[in-house]
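Asks: Read off the chains here:
2 protein chains.
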Amino acid sequence: MTARDGKPTLAVVGATGAVGAVMLQILSQHADIWGEIRLIASPRSAGRKLAVRGEEVEVVALDEEALSGVDVAMFDVPDEIARQWAPVAAAKGAVVVDNSGAFRMDPDVPLVVPEVNPHAARVRPRGIIATPNCTTLSMIVTLGALHAEFGLRELFVSSYQAVSGAGRAGIDALRQQLSLVAGTELGTSPGDLRRAVGDDTGPFPEPVALNVVPWAGSLREDGWSSEEMKVRDESRKILGLPELPVAVTCVRVPVVTAHSLTVHARFEGEVTVDRAREIIATAPGVVLFDNPAAGEFPTPADVVGTDPTWVGRVRRALDDPTALELFVCGDNLRKGAALNTTQVAESVARDFGAS
Amino acid sequence: MTARDGKPTLAVVGATGAVGAVMLQILSQHADIWGEIRLIASPRSAGRKLAVRGEEVEVVALDEEALSGVDVAMFDVPDEIARQWAPVAAAKGAVVVDNSGAFRMDPDVPLVVPEVNPHAARVRPRGIIATPNCTTLSMIVTLGALHAEFGLRELFVSSYQAVSGAGRAGIDALRQQLSLVAGTELGTSPGDLRRAVGDDTGPFPEPVALNVVPWAGSLREDGWSSEEMKVRDESRKILGLPELPVAVTCVRVPVVTAHSLTVHARFEGEVTVDRAREIIATAPGVVLFDNPAAGEFPTPADVVGTDPTWVGRVRRALDDPTALELFVCGDNLRKGAALNTTQVAESVARDFGAS
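One line per chain: the protein sequences are F and P, in this order.
Positions 1 to 355 (UniProt numbering) are the ones given, in order, by the first sequence.
Positions 1 to 355 (UniProt numbering) are the ones given, in order, by the second sequence.
It is possible that part of the hints are untrue.
Identical chains share a label here; the pair holds if one copy fits it or two copies do between them.
[Claimed, not checked] Below, simulated SDA-like cross-link-like pairs (lysine to any residue); rule was C-alpha separation at most 25 angstroms, straight line: (1) Lys49 with Ser189; (2) Lys92 with Arg124; (3) Lys49 with Glu185; (4) Lys92 with Glu80; (5) Lys49 with Glu64.
Worth flagging that the hints you see were computed from the coordinates, not collected in a lab.
It should be emphasised that the depicted structure is a prediction, and the values quoted were computed from it without experimental measurement.
Bound-form chain F, shown alone (with noise of 0.2 angstroms):
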């Protein structure tokens, strides 16, 4: 390793976008394990500055010379990018610790979460490490844990996700409409909202103010959206299930920051709340907040900016003793993106040391 003052150099890769901002914030408020934290972005924004660690640093592009002497890069830039400069940055040295989807499925790269298959990520032949998509990651600490206990059999899974998903653009979309529908009678009539709003939805296929919209994604085969295949598949990869039956529906819902999920998770036996609740309670990531008589059930205004999965509703399915049904909710720009990214990073950084 090429770490300076014996602490290794860490890249962000797509410093200037909303998960990119994400990551300094955290990296500012962890542990300083790191030497040069280096800030990488597209040409265009090159040369802003941006505060890390309580220092202004300048962005440089992305190119050969900006990934040598690093030790580690987090990468959260488009699918193609990621394709395009994840192994360059491999190839000089860095293990790369990738947050698009551009490796998620690769047999020869480990999908890591910390707090389910933490040893997954020693294992890297490519020197990629990837993390899981944030519809996934809003549920997956959670259903880890259970897992471990009772045994998952089935999932079904419906998402209510936040349009910072879609990254600035999501967010600005949303902001936009609101300006236009807020103080009006919109949303009662048929297609006002629509003829409002016009034809730029931003990233979305339709007005997402005032309304939801089920889809998020790609078309993939027989219907299926891009995200509900990435949630099926890269949780079979993490929990090691490959043949775990999943069905997802993915809805896009007019909140800024926080992914919302319902689910429905079928066990190999009888399942009990009491030993549900225990285990939520004491899971390492996951908070229990689930009382719905004090009216405690999480939602995203309640979740926005923390770390944890928090996890409410929790109640055995009424006519199958094997299935619980749970309401979870996470940051997706933090545990869903930066914060799992960050926590891979730091664990490779951490095996440095003991090496």
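Put chain P on the given structure of chain F with help from the hints.
Replies: What follows is chain P alone, placed relative to chain F:
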């Protein structure tokens, strides 16, 4: 019957509410089969004038006299008002079509959706016919058609419920909250929405603007909400499947009108998407709107103000050839309440004509 000019007298009890307003709209659009249409509401609203069939009609207060000489009475009032006054109307000879929760599970009260179980309306020992909760109605016409062909065996539902399900107070709360959050950066830091909205969250336990709230109704046993139990119990009764396994999670979303639901439905044997789409496309009261390649899937913005249930995202479960995934969307004030109640009332009136 006490019909004038050979036409029956209709009472609309709860005429000044959000659902009442839609009832008057629908009565003005449908073929005019009624003699007198009497508008009834709380004493507080008596004397107001509302338009129906192009005429202004004065609202009278709910009392014994108001219910005299009525052939059919449509009730949309709180449960306790229905519990008190529906039997009074029935005792005076009216057939009551009640949209409250007061009588739905009464074994002597049929629970009727004309497209699914029309004949049940004719057996009404108490003179009362109940109509289902708006969330049940958003999916049950579609499920009835699929059940008739495939035989339903298991049902998992997650809802995306509009604020108008909580009446005018729900709409007012969302609009008020939207005026506070539009044009701000709210929704991105912990607790900011809650501070901005304050303690008055209207009929909802949490802020609903820029948020989703996994709670609707009151607390029932084992952590279930009353709304979730309604969807389970009413679906079983309407479909005539008293043992059907059903699991539901109800979530409120910042949409003014039109409930959406994700549905995972398992059937007796293997299903095909082609046949499912044929059934949906030809079922009365249902529209198939399902071509993701062309950006076609139902959203509340498409569906508000229309009569049918719109169905999209029709997929067969990848890991279970007997299960279908659907996204359904319906106007909770129309088919979800006013329209279904009016359809039932009209079918009763037609029976008068036939007898």
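Asks: Is it within, between, both, or neither for lysine 92 and arginine 124, if the alpha carbons may be no more than 25 angstroms apart?
Replies: within (15 angstroms within a copy, 79 angstroms between copies)
Asks: My question is about lysine 49 and glutamate 64: at a cut-off of 25 angstroms on alpha-carbon distance, are they close within one copy, between copies, both, or neither?
Replies: Close inside one copy (21 angstroms), not across copies (76 angstroms); limit 25 angstroms.
Asks: Treating 25 angstroms as the Cα threshold, decide for lysine 49 and serine 189: within, between, both or neither.
Replies: Answer is between: at 23 angstroms across copies they meet the 25 angstroms cutoff, but 47 angstroms inside does not.
Asks: Reference check for the pair lysine 92 and glutamate 80, CA-CA at most 25 angstroms: within, between, both, or neither?
Replies: This pair counts as within: shortest intra-copy Cα distance 19 angstroms, inter-copy 73 angstroms.
Asks: What label fits lysine 49 with glutamate 185 when the C-alpha limit is 25 angstroms: within, between, both, or neither?
Replies: between (43 angstroms within a copy, 22 angstroms between copies)
Hint check: no violations occur; every hint is consistent with the structure.
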